[in-house]
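S.K.: With these hints in hand, go ahead and build the complete structure from the sequences.
Its first residue numbered 1, the sequence shown is counted upward by one per residue in the numbering used here.
FYI, nobody ran anything at the bench for these hints, they're computed from the structure. Please read these numbers as outputs of a predicted model, since none were measured by experiment. Wrong hints could be hidden among the right ones.
Claimed, not checked - Simulated crosslink set (DSSO-like; lysine-lysine; CA at most 27 angstroms straight-line):
1) Lys236 / Lys336
2) Lys286 / Lys35
3) Lys298 / Lys270
4) Lys152 / Lys240
5) Lys199 / Lys74
6) Lys52 / Lys78
7) Lys200 / Lys67
8) Lys110 / Lys60
9) Lys298 / Lys75
10) Lys39 / Lys194
11) Lys74 / Lys52
12) Lys45 / Lys75
13) Lys191 / Lys52
14) Lys52 / Lys194
15) Lys194 / Lys114
16) Lys236 / Lys170
17) Lys89 / Lys101
18) Lys170 / Lys45
19) Lys200 / Lys74
20) Lys168 / Lys114
21) Lys215 / Lys101
22) Lys48 / Lys85
23) Lys332 / Lys154
24) Lys60 / Lys240
25) Lys170 / Lys197
26) Lys107 / Lys74
27) Lys283 / Lys270
28) Lys89 / Lys110
Claimed, not checked - Computed beta-carbon distance windows for the label pairs:
29) Glu79 / Thr25: 37 to 47 angstroms
30) Ile158 / Glu79: 51 to 61 angstroms
31) Ser58 / Phe253: 19 to 29 angstroms
32) Lys336 / Arg301: 45 to 55 angstroms
33) Arg97 / Lys169: 28 to 38 angstroms
34) Thr295 / Ala324: 37 to 47 angstroms
35) Lys161 / Lys187: 46 to 56 angstroms
36) Tyr307 / Lys200: 24 to 34 angstroms
37) Met329 / Thr137: 24 to 34 angstroms
38) Asn165 / Lys200: 46 to 56 angstroms
39) Phe23 / Glu203: 17 to 27 angstroms
Heads up, the beta-carbon is just placed ideally off N, CA and C, and yes, glycines get one too.
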Amino acid sequence: MSNNKDEAIERSIMQTLYFSMSFLTPFIFLPFFNKRALKATGIVKNFKNSEKRILEVSKKHLSGTAKEMVDGIKKTAKELSMKDKNIEKDFENILNRFSDKEELRQKLIKAHEKVFRNDYLTTTAMWGMTPWICTETTERRTHRKGFSAGYKLKDDDIDEKEYQNSKKKKFAATVVLSVIPALVFPKLIMKGIKSGKLKKHAELFNYTNAMFMSKTIYAMMWLSDYPNTIIQSRDKNERKDRAIRNGALLAMFFGGDFILNNVFGRISDKFFKTKIMNGSLLKPFKDIEKLEGKTLKKSKRAVIIIYWTSMLANCMLLGFGLPAILNRMLRKNIQKENIQKQNNLHYINNKNMPEIFQKFST
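M.R.: Structure follows, in structure tokens:
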């Protein structure tokens, strides 16, 4: 769906970097961040056993009393013991290490804050640098400036001095937008969990297996990255493209699949007599494993079909529908710019003509 090969190459590099930084780097960074945080707070002494998995205890167990934390640790250990036989003993060692359980609660909150901050900082920094890497690569490879999607549609008309000064300001803005939220948000959230103010919502900020950020954390980081990508745009056409493209991606990722699943689920319940949906708006989907017989079998099959239908619909909308609209917008905008440029040039030339020839210039 790219407008030319240069845009295609640039988008390929960008998406490869985004994918790697979002889904592959946690396997490298999070174990490192976890170990450093647990070591710095003195919670874990032996990193060869399962003590290091203490960060898998949900944050909701830390947003209350010390007793609630202890009960939460024991409950988590029991749940994890199905796959890790020694984990209950290893978690018990941590509990025995702290006679003052409130001290342990405070240290665990501190450890979570360190991990959260470091992950936030590295992720937003990597996301922030990705567009810079891609656009700089395109600029050096093609020796052209401006939005790569418009390379075949218009000539370069960029003021070099203004362009370079603008790049410096934009890079400074990228640093600010990457660093400041990473230093502020984790501290505020963990302070809310520590005080109990976020007790009902603490689970939203968990890391699955102490490694993969929740959708809520992902949204926070993305909201930091969204203005970053717009600020870094090379011209007004790219700014508009990124604002719409990334805004649509944000909306579909955090709401589109939810809406589509709701619609398809209700259609399935009404016409195919499945039992997928609840009446609740916040928790619209039933736990279908509690169903029995033909209803269970039918509902399971429907859920699988709905999942893939929603996935394909999202892919088609974001992968083909949205780019088609944006490409059309770009061509129209550049066409208007070219006409305006020709009119301005005609006006200047006409103005500089001797008066006797001006009336024949049209």
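S.K.: Now look at each hint and say whether the structure bears it out.
M.R.: Hints versus structure:
1. Of the pairs offered as hints, the one joining Lys236 and Lys336 holds, with about 13 angstroms between alpha carbons and a cut-off of 27 angstroms not exceeded.
2. A C-alpha spacing of about 38 angstroms is found between Lys286 and Lys35, which places the hinted pair above 27 angstroms, so the restraint is violated.
3. For the hint pairing Lys298 with Lys270, the CA-to-CA distance comes to about 13 angstroms; that is within 27 angstroms, so the pair holds.
4. Pair hint Lys152 plus Lys240 holds up; C-alpha atoms about 18 angstroms apart against a cutoff of 27 angstroms.
5. Of the supplied pair hints, the one linking Lys199 and Lys74 holds, its CA atoms being roughly 19 angstroms apart against a limit of 27 angstroms.
6. Of the pairs offered as hints, the one joining Lys52 and Lys78 holds, with about 16 angstroms between alpha carbons and a cut-off of 27 angstroms not exceeded.
7. With a CA separation close to 17 angstroms, the supplied pair Lys200 and Lys67 stays within the 27 angstroms bound.
8. With a CA separation close to 15 angstroms, the supplied pair Lys110 and Lys60 stays within the 27 angstroms bound.
9. The straight-line distance between the Cα atoms of Lys298 and Lys75 is roughly 34 angstroms, outside the 27 angstroms bound, and the hint therefore fails.
10. A hinted pair counts as satisfied when its Cα atoms are at most 27 angstroms apart, and Lys39 with Lys194 qualifies at roughly 20 angstroms.
11. Of the supplied pair hints, the one linking Lys74 and Lys52 holds, its CA atoms being roughly 15 angstroms apart against a limit of 27 angstroms.
12. Under the criterion of a C-alpha separation no larger than 27 angstroms, the hint pairing Lys45 with Lys75 is consistent with the structure, at around 22 angstroms.
13. Proposed proximity of Lys191 and Lys52 is supported: the alpha carbons are some 23 angstroms apart, at most 27 angstroms.
14. Pair hint Lys52 plus Lys194 holds up; C-alpha atoms about 21 angstroms apart against a cutoff of 27 angstroms.
15. For a cut-off of 27 angstroms, the pair hint linking Lys194 to Lys114 stands: about 14 angstroms separates their Cα positions.
16. Proposed proximity of Lys236 and Lys170 is supported: the alpha carbons are some 14 angstroms apart, at most 27 angstroms.
17. The hinted pair formed by Lys89 and Lys101 meets the criterion: a straight-line CA distance of about 17 angstroms does not exceed 27 angstroms.
18. Taking the CA atoms of Lys170 and Lys45, the gap is about 45 angstroms. The hint is violated against a cut of 27 angstroms.
19. Proximity of Lys200 to Lys74 is assessed by CA-CA distance (about 20 angstroms); at most 27 angstroms being required, the pair is judged to hold.
20. A threshold of 27 angstroms between alpha carbons decides the hint, and for Lys168 with Lys114 the separation of about 31 angstroms lies outside it, so the pair is violated.
21. Only pairs whose Cα atoms come within 27 angstroms are accepted, and Lys215 paired with Lys101 is rejected, the gap being roughly 30 angstroms.
22. Taken as a hint, the Lys48 and Lys85 pair is honoured in the structure, with Cα atoms around 15 angstroms apart against an allowance of 27 angstroms.
23. A threshold of 27 angstroms between alpha carbons decides the hint, and for Lys332 with Lys154 the separation of about 12 angstroms falls inside it, so the pair holds.
24. Taken as a hint, the Lys60 and Lys240 pair is broken in the structure, with Cα atoms around 41 angstroms apart against an allowance of 27 angstroms.
25. Simply put, Lys170 and Lys197 have alpha-carbon atoms about 37 angstroms apart, too far for the 27 angstroms limit, and the pair is violated.
26. With a CA separation close to 17 angstroms, the supplied pair Lys107 and Lys74 stays within the 27 angstroms bound.
27. For the suggested pair Lys283 and Lys270, the alpha carbons sit about 19 angstroms apart, so the restraint of at most 27 angstroms is met.
28. Taking the CA atoms of Lys89 and Lys110, the gap is about 23 angstroms. The hint holds against a cut of 27 angstroms.
29. Between Glu79 and Thr25 the CB atoms are about 27 angstroms apart, so this pair departs from the stated range of 37 to 47 angstroms.
30. The hinted range of 51 to 61 angstroms is satisfied by Ile158 and Glu79, whose Cβ atoms lie roughly 59 angstroms apart.
31. Checked against the hint of 19 to 29 angstroms, the C-beta distance between Ser58 and Phe253 comes to roughly 24 angstroms, which is consistent with it.
32. Between Lys336 and Arg301 the beta carbons are some 51 angstroms apart, a value that agrees with the proposed interval 45 to 55 angstroms.
33. Taking 28 to 38 angstroms as the suggested C-beta distance range, the pair Arg97 and Lys169 does not conform, at roughly 51 angstroms.
34. At about 41 angstroms, the CB distance of Thr295 to Ala324 agrees with the hint of 37 to 47 angstroms.
35. Checked against the given bound of 46 to 56 angstroms, the beta carbons of Lys161 and Lys187, roughly 41 angstroms apart, lie outside it.
36. A C-beta distance of roughly 28 angstroms is found between Tyr307 and Lys200, which places it inside the suggested range of 24 to 34 angstroms.
37. The hinted window of 24 to 34 angstroms between Met329 and Thr137 holds, with their beta carbons roughly 25 angstroms apart.
38. Separated by about 49 angstroms at the C-beta atoms, Asn165 and Lys200 satisfy the suggested range of 46 to 56 angstroms.
39. Range check, Phe23 to Glu203: Cβ separation about 22 angstroms, and the 17 to 27 angstroms hint holds.
Of the numbered hints stated above, those contradicted by the structure are hints 2, 9, 18, 20, 21, 24, 25, 29, 33 and 35, listed in ascending order.
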